[in-house]
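**Student:** Once you have looked at the hints, place chain B on chain A.
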Amino acid sequence: MRMFSGLVTEFSKVLDKLAGFCLVLLMALVVSNVVLRTVFKSPILGTYEYVSFLTAVVIGLALAYCAVQNGHIAIGLVADRLRCRTRAVVDTLVNAAALVFWGLTAWYIAGYAGAMTASGVVSPTTQTPFYPFVYLVAFGLLALCLVLLVRLAESVKKAAVK
Amino acid sequence: MSPLLAGLTGILIFFVLLALRMPIAYAMALVGFAGFAFLTSPSAAFTMVSKEIYATFSSYTLSVIAMFVWMGFLAFYSGIGARLYVFAYKLVGHYPGGLAISTQAACAVFGAICGSNTATAATIGAIALPEMKKYNYDNSLATASVAAGGVLGVLIPPSVILIIYGMSTGQSVGKLFMAGIVPGILLMLLYMGAIYLLVARNPGLGPAGPRFNWRERLSALRGGLGEILVVFALSIGGLFAGWFTPTEAGAVGAAGVLVVALMGRRLNWDGFKKSLLDTTRITAMIMLMVAGAVIFGRFMAVSRAPFELASFTAALPLPDFIVMGVVILIYLILGCFIDALALVLLTIPIFYPVVVGALGYDPIWFGVITVMVVAMGVITPPVGMNVYIIKGVAPEVPLEVIFRGIWPFLGALLICIVILIAFPQIVTFLPYALMKQ
Numbered sequence: 001m002r003m004f005s006g007l008v009t010e011f012s013k014v015l016d017k018l019a020g021f022c023l024v025l026l027m028a029l030v031v032s033n034v035v036l037r038t039v040f041k042s043p044i045l046g047t048y049e050y051v052s053f054l055t056a057v058v059i060g061l062a063l064a065y066c067a068v069q070n071g072h073i074a075i076g077l078v079a080d081r082l083r084c085r086t087r088a089v090v091d092t093l094v095n096a097a098a099l100v101f102w103g104l105t106a107w108y109i110a111g112y113a114g115a116m117t118a119s120g121v122v123s124p125t126t127q128t129p130f131y132p133f134v135y136l137v138a139f140g141l142l143a144l145c146l147v148l149l150v151r152l153a154e155s156v157k158k159a160a161v162k
Numbered sequence: 163m164s165p166l167l168a169g170l171t172g173i174l175i176f177f178v179l180l181a182l183r184m185p186i187a188y189a190m191a192l193v194g195f196a197g198f199a200f201l202t203s204p205s206a207a208f209t210m211v212s213k214e215i216y217a218t219f220s221s222y223t224l225s226v227i228a229m230f231v232w233m234g235f236l237a238f239y240s241g242i243g244a245r246l247y248v249f250a251y252k253l254v255g256h257y258p259g260g261l262a263i264s265t266q267a268a269c270a271v272f273g274a275i276c277g278s279n280t281a282t283a284a285t286i287g288a289i290a291l292p293e294m295k296k297y298n299y300d301n302s303l304a305t306a307s308v309a310a311g312g313v314l315g316v317l318i319p320p321s322v323i324l325i326i327y328g329m330s331t332g333q334s335v336g337k338l339f340m341a342g343i344v345p346g347i348l349l350m351l352l353y354m355g356a357i358y359l360l361v362a363r364n365p366g367l368g369p370a371g372p373r374f375n376w377r378e379r380l381s382a383l384r385g386g387l388g389e390i391l392v393v394f395a396l397s398i399g400g401l402f403a404g405w406f407t408p409t410e411a412g413a414v415g416a417a418g419v420l421v422v423a424l425m426g427r428r429l430n431w432d433g434f435k436k437s438l439l440d441t442t443r444i445t446a447m448i449m450l451m452v453a454g455a456v457i458f459g460r461f462m463a464v465s466r467a468p469f470e471l472a473s474f475t476a477a478l479p480l481p482d483f484i485v486m487g488v489v490i491l492i493y494l495i496l497g498c499f500i501d502a503l504a505l506v507l508l509t510i511p512i513f514y515p516v517v518v519g520a521l522g523y524d525p526i527w528f529g530v531i532t533v534m535v536v537a538m539g540v541i542t543p544p545v546g547m548n549v550y551i552i553k554g555v556a557p558e559v560p561l562e563v564i565f566r567g568i569w570p571f572l573g574a575l576l577i578c579i580v581i582l583i584a585f586p587q588i589v590t591f592l593p594y595a596l597m598k599q
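Chains as they are written, first to last, in the numbering used here: chain A, 1 to 162; chain B, 163 to 599.
The set of hints was computed from the structure by calculation and includes no laboratory data.
Just so you know, even glycine gets a beta-carbon here, dropped at the ideal spot from N, CA and C.
Take the hints with a grain of salt, since some may be wrong.
Said to hold, decoys possible - Think about it this way: if two alpha-carbon atoms lie no more than 30 Å apart in a straight line, the pair counts; the simulated BS3-like pairs of lysine-lysine are:
1) K13(A) x K435(B)
2) K17(A) x K436(B)
3) K213(B) x K17(A)
4) K17(A) x K295(B)
5) K157(A) x K13(A)
6) K158(A) x K13(A)
7) K213(B) x K13(A)
8) K13(A) x K553(B)
What the hints assert, rightly or not - Taking beta-carbon pairs under 7 Å as the criterion, some of the chain A residues facing chain B (in silico):
9) D16
10) L18
11) T55
12) H72
13) V94
14) T125
15) P132
16) V134
17) Y135
So here's chain A without its partners, still in its complex pose (with noise of 0.2 Å):
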């Protein structure tokens, strides 16, 4: 179970770094476009669709680092006044509630994105093709979930053991 906790936190960080990555093409693209508009009269063609494409992937591939890092807010006002059995299967029930619904999401995006690519769906100035971005992020999803599985498996090792 560790090594699988580890792998899943390496796997995350990869992804976050890919997802920096971008965010440094992001914003370079962003003032390219400005300086080139503003100097030479000449914008970047379908930077507004780049930029789109851009922060699918940012947000896609951090989520699962996010999630490691306990970066999602969540409130233990409740929850951290009840006794560690307790609060075990009640995080045990949060858990798996997130993990199949954020789980089917993905699978439904994964969906949502095939059927982009059966009906060619393309952005309106570049033609790019909207269908690797959404599966991106389906990708991002499970990546999410990965890290849900992980937490789950030790939310029900405390409940269980004490």
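**Tutor:** Frame of chain A, contents of chain B only:
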């Protein structure tokens, strides 16, 4: 079950999930999905969730958040906060309570390059608290002044909460940013006044620091500080002037801070990587929360709960200001328990139609008032996020000591809100006079 009852039940279940420590973004998305599925069909709900999540993540307008968050972290890791504080305290540090007063000025200026209250409090706190300790400042005054000063970070542009408000309501982010400037300065002055009065009554709370001559004061502007102020002027000024979209303003600001930091050799590779790591974490957290709120908002819309509430409120035989007062009271109570950003995302679909639609209040004014009211929550117990951040910076100071020192600042914040309610022109004058649309 009627749609309205389903909507109200959904809100109740959402609070139960929050109490069970489910992350706010997950709870909003899950309840929004389940409620929408209940009122329409599961397949329609999954289609809606898939489309809304991709639409939110790939939103050009929301990409501004990543840019401004990165700009703030670049400023943090290149040590700009420290130089800001040094400049402010060389200016007024020799007055009684001067270090706490200069903390407010540093928070306000750092707020101009950072859109987050917690980042502002953490940055200035890490620099100001050791200094105030050195000059024997009262622990309660020192810690509370930094925690409260962090609020200036969300009011003075750029502000992540104002961006989210603008996205949720379709209002111009540029106008909202401009509207936040005067209330931000007013709040800073009120904070300074509160510190002055406290120290005048009890000089032992904040003994005077050393006096600096003007050459020493101006020398503090060197080392990149002046350049950073130019970057801010270009980024936010360009947005106000209509040269840039908000995303472009954020990217220009982040690039500018990066260039200034690299040219001055104030940012190493490690700091650069950390700034990216923090930015992706915060942006992913915010965007998932926004996606959750959009899904929750779709459920609220099909339940018709916000519209029923707006019609009910409009028909009430009560003066408008009383209804507005009740809305603010609800914000104050919820703000004690829910994160400021989540509270704005959650409540705007419900309260916006009431306050702006039914009561006819100005949407820009309501945005600034909302930010100020939810910001009170970040310094009030039990979930005063800024207080916990400061506790992390000064672990030796007990939480109750920090919260005890918060009261005068909370009073200043309340006075500021009352002034803005009595004189809404303070908020609306600048954006409507200077911006065309």
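**Student:** Each of the hints needs a verdict: does it hold here or not?
**Tutor:** Do the hints match the structure? See the list:
For a cut-off of 30 Å, the pair hint linking K13(A) to K435(B) stands: about 12 Å separates their Cα positions. Of the pairs offered as hints, the one joining K17(A) and K436(B) holds, with about 11 Å between alpha carbons and a cut-off of 30 Å not exceeded. Taking the CA atoms of K213(B) and K17(A), the gap is near 26 Å; set against the 30 Å cutoff, the hint holds. With a C-alpha separation of about 39 Å, the suggested pairing of K17(A) with K295(B) is violated against the 30 Å cut-off.
For the suggested pair K157(A) and K13(A), the alpha carbons sit about 25 Å apart, so the restraint of at most 30 Å is met. For the hint pairing K158(A) with K13(A), the CA-to-CA distance comes to about 26 Å; that is within 30 Å, so the pair holds. Taking the CA atoms of K213(B) and K13(A), the gap is near 27 Å; set against the 30 Å cutoff, the hint holds. Between K13(A) and K553(B), the direct Cα distance comes to roughly 29 Å. Compliance with the 30 Å bound is thereby established for this hinted pair.
With its C-beta approaching chain B no nearer than about 6 Å, D16(A) sits inside the 7 Å limit, and its interface hint holds. The interface hint given for L18(A) is violated, since its Cβ lies 10 Å from the closest Cβ of chain B, which is over the 7 Å cut-off. The beta carbon of T55(A) comes within 4 Å of a beta carbon in chain B, closer than 7 Å, and the hint placing it at the interface holds. Because the beta carbon of H72(A) sits about 4 Å from the nearest beta carbon in chain B, less than 7 Å, this interface hint is met.
This hint holds: V94(A) has a C-beta 5 Å from the nearest C-beta of chain B, less than the 7 Å allowed. For T125(A), the suggested interface contact is broken, since its CB lies about 12 Å from the closest CB of chain B, more than 7 Å. Hint status for P132(A) relative to chain B: violated, with the closest Cβ pair at about 12 Å, above 7 Å. Checking V134(A) against chain B by beta carbon gives a least distance of about 5 Å; that is within 7 Å, so the hint holds.
At its closest, the beta carbon of Y135(A) sits 10 Å from a beta carbon of chain B; the interface hint therefore is violated under the 7 Å criterion.
The structure is inconsistent with the numbered hints 4, 10, 14, 15 and 17, although it conforms to all the rest.
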